[in-house]
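Spelled out from the first residue to the last, the chains are:
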Amino acid sequence: MAISAPQLGGQSPRRVNFVSCPIVQDTATVPCWLSEYEGEQYYLGIQTDISAEFDPPYLGHQALVEGIVSDEPRICGGIVLKPVTVSPLPELDQSCSVIRPAVPQFTVPFAPRPPGPSGGRLAFDPPSSSTADLKPPYGARSFDVFYDVDMLVMGRHAGQLTEIFNYAQKIPGARLKIVAGRGATKLSNGRVLTEREGIAKARAEEIAELFVGAGISRSAIQSIWRDEAEPADGIDDWRSRRVTVRVEP
Amino acid sequence: MSRYRSTVFVMALLVWTGLLLTPLMWSSRVAAQSQASSRWWSAGDGRTLPATLDYVNPDGALGILNTAGPIETKGHPFFEPIGTNGRACVTCHQPSDAMTVSAASARERWRETDGKDPLFAAIDGKNCPNLPQDDPASHSLLIERGLIRVFLPWPPQKADGTRIDPEFTIEVVRDPTHCNTDPQYGLTSSTPTISVYRRPRMAANLKYVTAAAFGVAPFIVKNGQPAARDPETGALVSMNMMADAREPTLRTQAVSAAATHLQIAGQLQASQIDRIVAFESQVYAAQRMHRGAGSLVEPGGPPALGPAALASGSTGTLGNNTTRFVFPMGDGWKALPRTGDAATDARNASRESVARGHDVFFFRTFWIRDAMHINSVGLGNPAKRTCSTCHGMHMTGMDTVYGWMDTGTTNLPWARESPVSPWATQVAELPLFKLTCKATVAPHTFLGRVIYTQDPGRALISGKCNDIGAIVMQQFRGLAARAPYFSNGSAATLRELVDFYDRRYNIQYTEREKEDLVNFLSTL
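Protein sequences, first through last, are from chains A and B.
Be aware that the first sequence starts at 4, since it is given in this note's numbering, and climbs by one per residue.
Be aware that the second sequence starts at 219, since it is given in this note's numbering, and climbs by one per residue.
Bound-form chain A, shown alone:
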């Protein structure tokens, strides 16, 4: 990861992209996740469970926050960012250690999962598969896999990798074309945060190895990567931290 000098360029006033420590705000139920930037406090999400789209960050790490400022009422004292992408940075930063105790004025209006055992179901319905209901003949299809900054595959990618794998299994002799990228994000202060050199190659090779490990023939996989970071304009730049897997008959 590298951060370059500020560049000129427009940016939506309702977007904020920044690197900062996450903060835990405890409540009477589940904790809120917040972050501060330029004197303002932003609400990122709450702790629920593995079914949630929001993947809470880590104390002990700074995080890249890329979000759109919503007009919803503040939650846990923070301006609500929706949608928001939160990506922990890989290196440890022990200064990120703040847990604020629960106070009466901060409550969570939407807590589908208590901090302990559930009521018998996950907080959210699992995302529907985009391919499960398809009927043959199965055509070429592309799948985007998005990453945290400078990171490779993590647990939250398992579902998506399974969907790609299952789709490939439906097509006798399917071929996989893997295209991996190196991301960059234009921050609200004008700087550009660029992922580390070599990350695209590492992602391409890892994805290929994972599918081989799951049972797809190595000879059916083609991997390419672009080590030039995609141009960053501050708008949904998280999409540049991406591998595209195209499954072809």
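Read the hints as simulated data drawn from the structure, not as lab findings.
The structure presented is a predicted model; accordingly, all values stated were derived computationally and were not measured.
One or more hints might be untrue.
[Stated by the list, open to error] For lysine to aspartate or glutamate, the following EDC-like pairs were computed, each having C-alpha atoms within a straight-line distance of at most 16 Å:
#1 B:Lys652 / B:Glu389
#2 B:Lys652 / B:Asp393
#3 B:Lys682 / A:Glu212
#4 B:Lys552 / B:Asp577
#5 A:Lys173 / A:Asp136
#6 B:Lys682 / A:Glu41
#7 A:Lys180 / A:Glu251
#8 B:Lys732 / B:Asp717
#9 B:Lys656 / A:Glu94
#10 A:Lys85 / A:Asp74
#11 A:Lys204 / A:Asp230
#12 B:Lys376 / A:Glu212
Fit chain B to the known structure of chain A by using the hints.
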């Protein structure tokens, strides 16, 4: 035997003897099986294993249930010394110890046989094969902590024998067993090998351990890596059986164990594997009687308790919810009457403590922090949760699948270490390794780039930095029969186990919560 070891042995014997003399209403069957000579199942002793057995332990009595009925062990490959070193599977999977082997039993066996029992075979019943066989100090980890040497190739290899390029380097920082630096057995030998020391796992209740249901998928939800498959059927497996998940099925484990622990000449025959797996799949172990709460299997009692409940329970089920529960206890023990009869009232008070202990396990929140493969899988770091978040499998308290995580039992700074000072008398018993994640990969999410550990755990198989010190969780059943606890035997008692978590996560349990939790765990 050192004075310390002698003292420990004598104390264990006194506890045991005291229990035998305690005027509890054990059945004659319990008393009979509590005699030292009949508790231990020697390889090839040819006894009949009845359908049910009870064994006294310091917290009451363990029940063994063999759902297939009595078994003639003569000629049975689980019970016969089918290898070259005189051991059988049963040597390290003793019915009295909930189908594993406790440190107390190892000590007793050393005393009874003067160390000649095959349990103490040089291959892994000794701290390192090249140490003097007759010296109890050579077997100290087995005698004092119930640990077996597990020796693994370095770098790790895939099932097909191809080498894995690990994400980290490994150095031996401390080698009290002299095995990791040994020119024949160590890391610098012609066949580089790492020795770690682990508790044998229960060979009982295995339908839960091997169930591949909730959470099983081609890619592992904890790290996105491909999940292991049964090499015979291609079916996905739970990867929940061994501390490092290195064997996918009971069949492959039997083959591997025969080759290493039993030092079999040649290979197990298919029919032998079938019989071993069949036996392991039909035997259940759980506490049946509790020193304070009395019978755990009375009609109307807690539905989770006793071996029969395990035999009839549903597998592959997430129990971290209020519809199934990890350990269904019912409400019957929550508020019991006081009758004026001292014995009944004491029993009722104990049962209420057990019920409260369950609720501590299930509902008492705390901040789970820096625990790899828990905080990293969608909960955030820290996560405000309970014991049952990690220990969520219905009826066993394991993770439902892919159960390795780092709760700090082997990685520093949390792993139990002996104090080092000019005044300290304890000496370190376990090796210590320094693992450095390579610059080409991200550091370990919660421990950084340099990690000190007593046992790298799953990372010795996967080569992954984030797997360092991650250990597959064990069952919570039969705990009273099989101290010590954790994969490295670092908690001598259930109280030490609870105290470890209290320190690790700054839970700040009250004394009553600790007592209740220990009472609850000792009924499982």
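We went through each hint and held it up to the structure:
1. B:Lys652 / B:Glu389: OK: Lys652 (chain B) and Glu389 (chain B) at ~5 Å, within 16 Å.
2. B:Lys652 / B:Asp393: holds (12 Å)
3. B:Lys682 / A:Glu212: holds (14 Å)
4. B:Lys552 / B:Asp577: Cα-Cα ~10 Å, so holds.
5. A:Lys173 / A:Asp136: holds (12 Å)
6. B:Lys682 / A:Glu41: With a Cα-Cα distance of about 38 Å, the restraint between Lys682 (chain B) and Glu41 (chain A) is violated, given a limit of 16 Å.
7. A:Lys180 / A:Glu251: Holds, at roughly 8 Å.
8. B:Lys732 / B:Asp717: holds (8 Å)
9. B:Lys656 / A:Glu94: holds (13 Å)
10. A:Lys85 / A:Asp74: Since the Cα atoms of Lys85 (chain A) and Asp74 (chain A) sit roughly 9 Å apart, the hinted pair holds (cutoff 16 Å).
11. A:Lys204 / A:Asp230: holds (7 Å)
12. B:Lys376 / A:Glu212: holds (13 Å)
When each numbered hint is compared with the structure, a violation occurs for hint 6 only.
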